[in-house]
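If you want the building blocks of each chain, they are given just below.
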Amino acid sequence: MTPLSNKLTFSDEQVSLLDVATTFCREKISIATVRRQIASESGFDRELWNEIAGLGWTGVMIPEDFGGSGLSLAEVVALVEPMGRHLAAVPLVSTQLFARALLAGGSEPIKRAFLPQLCSGSIGTVALFESEGDWDLGHIEASAVQEGDTVRLSGRKTLVCDAAVADFVLVSVNFSGAPALAVVKAADLPKERRERELVIDETRRCFSLRLDGIGVPLSSLITGERAQAALKAVRDAALLLAAAEAAGGIAGVLELTVEYLNTRVAFGRKIGSYQSLKHGCSEILIGLERARSHVYHAATLIAAGEDAEVALRMAKVEAGDSMVFAGDRAVQFHGGFGFTWDCDAQLYLRRALWLQNAFGDATHHRRRLADLLLTAA
Amino acid sequence: MGELDEFRREVEAWLRQNRPPEPDFLLPESFMEVGSDEQFEYLRNWQRKVYEAGYLGMAWPREYGGGGKPQVYQNIVNAEMARQKVPFVPNTIGLNWAGPLILAVGSEEAKKRYIKGILNADDIWCQGFSEPDQGSDLANCQLSARRDGNEYVLNGSKIWTSLGSYASYMILLARTNPQKPRYEGLSFFLVPMKTPGIEPRPIKKLTGEYGFTQTFFTDARIPAECLMGKEGDGWKMAMLTLTFERGVTGGQAGGLSRVSPGVDDVIALARRSRRDGRPALDDPLIRDQLVRFIIEDQGDRLTAKRGEIAALCNERPNAIGLSAKLRVTEHRRRLMQFAISLQGANAVRFVGDADAVEGGKWQRAYFNSFSSTIGGGTSQIQANIVGERVLGLPKD
Ligand SMILES: Cc1cc2nc3c(=O)[nH]c(=O)nc-3n(C[C@H](O)[C@H](O)[C@H](O)COP(=O)(O)OP(=O)(O)OC[C@H]3O[C@@H](n4cnc5c(N)ncnc54)[C@H](O)[C@@H]3O)c2cc1C
Numbered sequence: 005m006t007p008l009s010n011k012l013t014f015s016d017e018q019v020s021l022l023d024v025a026t027t028f029c030r031e032k033i034s035i036a037t038v039r040r041q042i043a044s045e046s047g048f049d050r051e052l053w054n055e056i057a058g059l060g061w062t063g064v065m066i067p068e069d070f071g072g073s074g075l076s077l078a079e080v081v082a083l084v085e086p087m088g089r090h091l092a093a094v095p096l097v098s099t100q101l102f103a104r105a106l107l108a109g110g111s112e113p114i115k116r117a118f119l120p121q122l123c124s125g126s127i128g129t130v131a132l133f134e135s136e137g138d139w140d141l142g143h144i145e146a147s148a149v150q151e152g153d154t155v156r157l158s159g160r161k162t163l164v165c166d167a168a169v170a171d172f173v174l175v176s177v178n179f180s181g182a183p184a185l186a187v188v189k190a191a192d193l194p195k196e197r198r199e200r201e202l203v204i205d206e207t208r209r210c211f212s213l214r215l216d217g218i219g220v221p222l223s224s225l226i227t228g229e230r231a232q233a234a235l236k237a238v239r240d241a242a243l244l245l246a247a248a249e250a251a252g253g254i255a256g257v258l259e260l261t262v263e264y265l266n267t268r269v270a271f272g273r274k275i276g277s278y279q280s281l282k283h284g285c286s287e288i289l290i291g292l293e294r295a296r297s298h299v300y301h302a303a304t305l306i307a308a309g310e311d312a313e314v315a316l317r318m319a320k321v322e323a324g325d326s327m328v329f330a331g332d333r334a335v336q337f338h339g340g341f342g343f344t345w346d347c348d349a350q351l352y353l354r355r356a357l358w359l360q361n362a363f364g365d366a367t368h369h370r371r372r373l374a375d376l377l378l379t380a381a
Numbered sequence: 002m003g004e005l006d007e008f009r010r011e012v013e014a015w016l017r018q019n020r021p022p023e024p025d026f027l028l029p030e031s032f033m034e035v036g037s038d039e040q041f042e043y044l045r046n047w048q049r050k051v052y053e054a055g056y057l058g059m060a061w062p063r064e065y066g067g068g069g070k071p072q073v074y075q076n077i078v079n080a081e082m083a084r085q086k087v088p089f090v091p092n093t094i095g096l097n098w099a100g101p102l103i104l105a106v107g108s109e110e111a112k113k114r115y116i117k118g119i120l121n122a123d124d125i126w127c128q129g130f131s132e133p134d135q136g137s138d139l140a141n142c143q144l145s146a147r148r149d150g151n152e153y154v155l156n157g158s159k160i161w162t163s164l165g166s167y168a169s170y171m172i173l174l175a176r177t178n179p180q181k182p183r184y185e186g187l188s189f190f191l192v193p194m195k196t197p198g199i200e201p202r203p204i205k206k207l208t209g210e211y212g213f214t215q216t217f218f219t220d221a222r223i224p225a226e227c228l229m230g231k232e233g234d235g236w237k238m239a240m241l242t243l244t245f246e247r248g249v250t251g252g253q254a255g256g257l258s259r260v261s262p263g264v265d266d267v268i269a270l271a272r273r274s275r276r277d278g279r280p281a282l283d284d285p286l287i288r289d290q291l292v293r294f295i296i297e298d299q300g301d302r303l304t305a306k307r308g309e310i311a312a313l314c315n316e317r318p319n320a321i322g323l324s325a326k327l328r329v330t331e332h333r334r335r336l337m338q339f340a341i342s343l344q345g346a347n348a349v350r351f352v353g354d355a356d357a358v359e360g361g362k363w364q365r366a367y368f369n370s371f372s373s374t375i376g377g378g379t380s381q382i383q384a385n386i387v388g389e390r391v392l393g394l395p396k397d
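So the protein lines, in turn, are chains A and B.
So that you can map any letter, position 120 of the first sequence is 124 in this note's numbering, and since no number is skipped, the others follow by simple counting.
So that you can map any letter, position 6 of the second sequence is 7 in this note's numbering, and since no number is skipped, the others follow by simple counting.
Excised from the complex, chain A in its bound form:
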């Protein structure tokens, strides 16, 4: 095996964004607000979103030419980790995936048309998955056919996050036998085309989209190598941000659990004094420490423009599985209360299961890591 990089740096911008985001989330995103959002139909808090956009967070990695801060995905990670900790339900990650695709594969006019709007608070999302649930983003049934200056879309996309509040949706389609990406505007995605899906993470609003009949200008279609580059960029960003959210989530659920273990009494002792619980928490901490290290290492490589595939997949595996372990133990360690909807442990476990299975679970990524790391004998 060729030695793996252990590069890990943290920019001044990351330091200050992590700091600001940590405080922001602590003050603005309590479990009570998360539960309110779950109960609401839209699952969307416009006021909170406006504040986030006002802080410039939607444009952190967008070049200054387009109205952004000109930083990188690594700085976005520093925002997303604390959001994950507080179970924030905001379309920031969706918007970043949309932006990332355009940055990697969009033509100059496409970038100019959409990136500045994102910087001023417009919401984007990506529609990549289909009913079979295949994680391979290149496997696409939905299609696009050219009719003069327009392309007509058909087929169905699923698990599209934030589709009801998004201003733009980037849809992957099969165009002349190869993957392509079409930017669809909200006006073309009226209610009738959207169907709400019930997903395990109740903070999320997911939809399936019926594309049949939608037409987009040919100029909004990203094709060929650009589409490939965009898809890869989206996948990379999705892995990194999911891992960052999970790392934050582990810290959140660990705090919740430790607090309970320091309060609840059984057999005349705080339950945290029992080793089967205490050692379980130590194991959660170890998962947290390793996950964070993988995340910030992968972020370092991405920001430096180095090959980050191994690092990203490792980060996703470690953070996803560790958060599920943490959420699972959190439910168990809360006893009967843990079995209730009122106990916050379930919120983290649900989020964990979402993240673990987003863009490939551990087995999926380990299979690919084996091919990348272990040249067959």
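Honestly, I wouldn't trust all of these hints.
[Stated by the list, open to error] Per label pair, the in silico range of CB-to-CB distance: (1) A:G339 / B:K195: 57 to 63 Å; (2) A:P7 / B:F351: 28 to 34 Å; (3) B:D138 / A:R273: 18 to 24 Å; (4) B:F351 / A:H368: 36 to 42 Å; (5) B:L286 / A:R273: 24 to 30 Å; (6) A:R273 / B:P133: 26 to 32 Å; (7) B:R9 / A:E199: 56 to 62 Å; (8) A:D311 / B:A311: 25 to 31 Å.
The hints are simulated quantities; they were obtained by calculation from the structure and are not laboratory data.
Values in this document were obtained by computation on a predicted structure and should not be read as measured data.
Note that CB positions come from ideal geometry on N, CA and C, so glycine has one too.
Could you slot chain B with the ligand onto chain A? The hints should help.
Coordinates of chain B with the ligand only, in the frame set by chain A:
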């Protein structure tokens, strides 16, 4: 930066040119397993050579025999020794915990007397903490040290004393006042091992080799100036020693590398081993297991790196340090167990068998891996420490 890079290259070349030839006997894998005179002499000579080249105690003060350089130089040497898998230097207890302790709290005279010998391996050090009736519960230590004029008289025994047969000095935790509460009755001594009445007796390890001793004390009289700190300071000193031992505090003089196999070696083993007529490395389940180990190993390497960035450790600054032993040693133990499982029917062969895979080194390495999941505080105690001191959970 240029200067450090240059230094790294210099060290790399020096180690390549000066690494001692492979001996015709099995080397121990860490200082806790030195069991024969030939092993000991080989390793002691190696330490001398490394010290004479200026690569040990690089950050210790010059006046006592150190190099007087910034710690980063020693870190470079340590990393390079580990990378090239050169033999370890045997005076681990002296270099990495007794030495830093003496430098931190010892008298001027103690520094002058002991430090140089620690570095050049003239004086090997051992540690007398554990006793037959207590180990994890260190504060319950019973070995008696009774003041008699200008001397202390030692009675009792210590056990699992690594390097006990070779040591010139011992750091000793003993009870000076049995009337006082358990913590306050303890004192800490630097004890010459050649004192009449001190007798180390070798104990056979689970591998069948020797490695540590039970050390008996029968009316052994040591001068009162052997006391470290004041009478009653023993627990404080012992805890300080453990922070050096567990790598929580810096200041170690280096040479902590092991010669035991790592993930890379296990991958190579999987390539050579056969499964169903093909290399085990082609088996998807084995590949998946290997990837799990690689992810963990990489996670720990990256965590060490992240530990250098304060902004990424500020919620629980002690988390990385206090969890390191648990993470790394448990990983190792499972990895070595897995390595045995790669050998098919030959997994059952042991050291000494002509057909054992690589002389049985994997079976031995698995057994030896327990030295660090038990020695220096067991994994269960480490998990308690993480739970209580890092996470703030209540004591048992
Ligand atoms: C190779 C090797 C080298 C060593 N070298 C030295 C040396 O040089 N000097 C020295 O002083 N000592 C040395 N030791 C001793 C070592 O520090 C002790 O063995 C260790 O601290 C455990 O103590 P014990 O053996 O008394 O086990 P015990 O304390 O009796 O433990 C037995 C089992 O009970 C568990 N246990 C105990 N207390 C608790 C608790 N509160 N909660 C949960 N589980 C618990 C332990 O984890 C262990 O599994 C060495 C040990 C080994 C294996």
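Outcome of the hint check:
Checked against the given bound of 57 to 63 Å, the beta carbons of G339 (chain A) and K195 (chain B), roughly 59 Å apart, stay inside it. Taking the beta carbon of each, P7 (chain A) and F351 (chain B) are about 32 Å apart, inside 28 to 34 Å as hinted. The hint said 18 to 24 Å for the Cβ distance between D138 (chain B) and R273 (chain A), and at roughly 19 Å that hint holds. The supplied range of 36 to 42 Å is met by F351 (chain B) and H368 (chain A), whose beta-carbon atoms lie about 39 Å from each other.
Remark: the range hint 24 to 30 Å for L286 (chain B) to R273 (chain A) is contradicted by a beta-carbon distance near 43 Å. At about 30 Å, the CB distance of R273 (chain A) to P133 (chain B) agrees with the hint of 26 to 32 Å. For R9 (chain B) and E199 (chain A), the Cβ-Cβ distance of about 60 Å falls inside the hinted range of 56 to 62 Å, so the restraint holds. Under the hint 25 to 31 Å, the C-beta atoms of D311 (chain A) and A311 (chain B), about 28 Å apart, fit the expected range.
Taken one by one, the earlier hints fail for this structure only at number 5.
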